[in-house]
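Q: Quick note, the sequences are listed as chains A and B, same order.
Residue 203 in our numbering sits at position 203 of the first sequence, with consecutive numbering throughout.
Residue 173 in our numbering sits at position 173 of the second sequence, with consecutive numbering throughout.
It is possible that some hints are incorrect.
Put simply, identical chains are the same to the list, so a pair is met inside one copy or across any two.
Claimed, not checked - Pairs of lysine-lysine, BS3-like flavour, derived with a Cα cap of 27 Å:
(1) LYS46 x LYS56
(2) LYS152 x LYS25
(3) LYS176 x LYS152
(4) LYS56 x LYS258
(5) LYS18 x LYS173
(6) LYS223 x LYS46
(7) LYS42 x LYS242
(8) LYS46 x LYS258
(9) LYS59 x LYS18
(10) LYS18 x LYS223
(11) LYS18 x LYS152
(12) LYS25 x LYS250
Just so you know, the hints here were simulated from the structure itself, not pulled from any lab data.
Note that the structure is predicted; figures quoted are calculated from it, not measured.
Number of protein chains: 2
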Amino acid sequence: MKTLKIIKIGGNIIDDSKALSDFLKQFAKLEGLKVLVHGGGKSASKLADQMHVPVKMYKGRRITDSDTLDIITMVYAGKINTTIVAQLQANHCNSIGFSGADGNTIISEKRPVTPIDFGFVGDIKTVDTSVLELLLTNNITPVFCAITHDVKGQLLNTNADTIASELAIGFAKTFKTELYYCFEKNGVLENVADDNSVIQQINTETYQTLIDQGVIADGMLPKLTNCFNAINHNVCKVCIGKPDMLFQSKSIHTTIQK
Amino acid sequence: MKTLKIIKIGGNIIDDSKALSDFLKQFAKLEGLKVLVHGGGKSASKLADQMHVPVKMYKGRRITDSDTLDIITMVYAGKINTTIVAQLQANHCNSIGFSGADGNTIISEKRPVTPIDFGFVGDIKTVDTSVLELLLTNNITPVFCAITHDVKGQLLNTNADTIASELAIGFAKTFKTELYYCFEKNGVLENVADDNSVIQQINTETYQTLIDQGVIADGMLPKLTNCFNAINHNVCKVCIGKPDMLFQSKSIHTTIQK
Chain A
1 MKTLKIIKIG GNIIDDSKAL SDFLKQFAKL EGLKVLVHGG GKSASKLADQ
51 MHVPVKMYKG RRITDSDTLD IITMVYAGKI NTTIVAQLQA NHCNSIGFSG
101 ADGNTIISEK RPVTPIDFGF VGDIKTVDTS VLELLLTNNI TPVFCAITHD
151 VKGQLLNTNA DTIASELAIG FAKTFKTELY YCFEKNGVLE NVADDNSVIQ
201 QINTETYQTL IDQGVIADGM LPKLTNCFNA INHNVCKVCI GKPDMLFQSK
251 SIHTTIQK
Chain B
1 MKTLKIIKIG GNIIDDSKAL SDFLKQFAKL EGLKVLVHGG GKSASKLADQ
51 MHVPVKMYKG RRITDSDTLD IITMVYAGKI NTTIVAQLQA NHCNSIGFSG
101 ADGNTIISEK RPVTPIDFGF VGDIKTVDTS VLELLLTNNI TPVFCAITHD
151 VKGQLLNTNA DTIASELAIG FAKTFKTELY YCFEKNGVLE NVADDNSVIQ
201 QINTETYQTL IDQGVIADGM LPKLTNCFNA INHNVCKVCI GKPDMLFQSK
251 SIHTTIQK
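Next comes chain A alone, as it looks inside the complex (with noise of 0.2 Å):
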C-alpha cells in the first residue's frame, strides 16, 4: 500500500500571500501522493464587507444565507483555489482544483435546522475517491475548497477540517493515509500562550482528561473531534502543528492517537 498525505492548511497561511507561496513551494517538493485541503481565511469576510453582506457568526461558525454562498463559492472556489493550483504548476506540481461536486467525491446535506439555522451548510454523507485516485496515479495532486454539494443542484459550505478527515477516511481503502493539521501554533498547547507547551501525544483517554481540564476548549474541540474520527477509522497517523511539521524531520507537533 502506498502512503498519501492530506494536508490541510487554514487561515494562517491563506491570508498571507508571502506564507502562502513559501508553503506551496514546500510542498510542491514533498515526495509521495498528497492532496491538499485549503480553508478560506478573511477574504471571505472581507468581500462580505465591500458588498455590504452582513457576517453572521454562532459560536464562531458562519451562517451561510444565499448571499454569504456565493461569496464564499467565489472567494475559496475562484480566488484562493485557483490561485493555490497556478502557483504549485508553477513550482512544477501539477495540480487539479476541487469542490466536493466536481468528480461527484463529496456530496453532503443541508444542515438540519436545530434550532440555530446555519444555512447552505453542509454534512458530509459520503466521499467517492475513486476520480482522486485516477488523477493521484497519474501524477496528480488534488486541491480541495471547503465545498461540497447535494447532488441536487445546491452547492454547501462546509467546514474544511471535516472535509479532510472524510477525504483521509474515504482513502484509507486504498492508501496508507496520513492527516496533518497545519494551523499557526507548533501543536495542541498545555498552556494556549505558550507555543513551547505542546502535547506531544493525545489518546482517547488523555482526551477526556484534558477536556475536563479545560485545557482542550472552544475551537479546538471540533478540530479533535475531527482527528480522533481519522484515527478510528483507520487513518494511519493524525498530526496537528505548523507546516515544519511536514518538511523537517524534528519538529515538534501534536500526534493523535487511538
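Here the structure of chain A is known, so what remains is to put chain B in place on it, guided by the hints.
A: Relative to chain A, chain B alone:
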C-alpha cells in the same frame, strides 16, 4: 476514432438562470464525449460595480488590471464554474471544473503592450489534453472557464471562444472533434436584424466576400477567426447558432467549411 463535441456557451445563457438550467439539463443528456466551455456574462461587471472597480473596455474587450483579474477569477472559476458543475451532477452528468491552470491544460502568455495594455489577458501558447482525455475516457465531462495561466503562477483572462477552438484543435489528434459556438442568434445572419436570414454555410472564399460586403463585422470577426482556425487545423465540424443545433436534428444554423 470517437467523436468529441466541444461546446461553448456565452453570456445569453450564463446570465439567465432558467436558460442555463434548461441548457444544462439537455447538455447532460447529450450522448457521447463532450467538453463545455463557458464565458462570463455580465456578472463580472456587476461584481466590479458592487466593489467600485471601474470596468475598462477597449473595442469590446475587457482591460484586466489586478483587481479585475481577481473579480474574473472569483466569478468565472468560482461562482459560474462551480454552479455549472453542481447542476450537471444533479442531472447525472459527472463533470469536473477546469481553468487552464488545472492539470496544466492551457498555457498562455500575457498579451504584449502594442500599443494598448490589456493587462492580465492571455494569448494561448499550448494546450495539453492528456489529463482531459484521461477524464473523458472515464466518463467525466470537463467544464472550462475562460482563465488560463503562464506556468509562472500568473492567472490570465482569456477569450472563451479562443479556448474552445484551441481545445478543439488540441483534441483533433485523438478524437473526431466537433466545435459548437452557442449564442443568442440562429447563426451568422445576412441581416443582423432578421434572425431568419441565416447564412447556412460559410467557406474561406465566401467569408472574405461577406467581410468585404460588411455583413460580417464587429464581434463576429474574432468568432469567425476562431472558427476558421479550428476548421483549418483538423477540427471536423464547426457550427454557430442557438443551442437547439445540438439537441434538435432540424435546426437552422451556420456551418463553417474550409
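Q: Evaluate each hint against the coordinates.
A: Quick rundown of the hints versus the structure:
no., hint, in the structure
1, LYS46 x LYS56, "both (13 Å within a copy, 24 Å between copies)"
2, LYS152 x LYS25, "between (38 Å within a copy, 12 Å between copies)"
3, LYS176 x LYS152, "neither (33 Å within a copy, 33 Å between copies)"
4, LYS56 x LYS258, "neither (36 Å within a copy, 58 Å between copies)"
5, LYS18 x LYS173, "neither (36 Å within a copy, 41 Å between copies)"
6, LYS223 x LYS46, "within (24 Å within a copy, 38 Å between copies)"
7, LYS42 x LYS242, "within (19 Å within a copy, 42 Å between copies)"
8, LYS46 x LYS258, "neither (39 Å within a copy, 52 Å between copies)"
9, LYS59 x LYS18, "neither (30 Å within a copy, 37 Å between copies)"
10, LYS18 x LYS223, "within (26 Å within a copy, 40 Å between copies)"
11, LYS18 x LYS152, "between (39 Å within a copy, 15 Å between copies)"
12, LYS25 x LYS250, "within (20 Å within a copy, 54 Å between copies)"
Consistency note: the structure conflicts with the earlier hints numbered 3, 4, 5, 8, 9.
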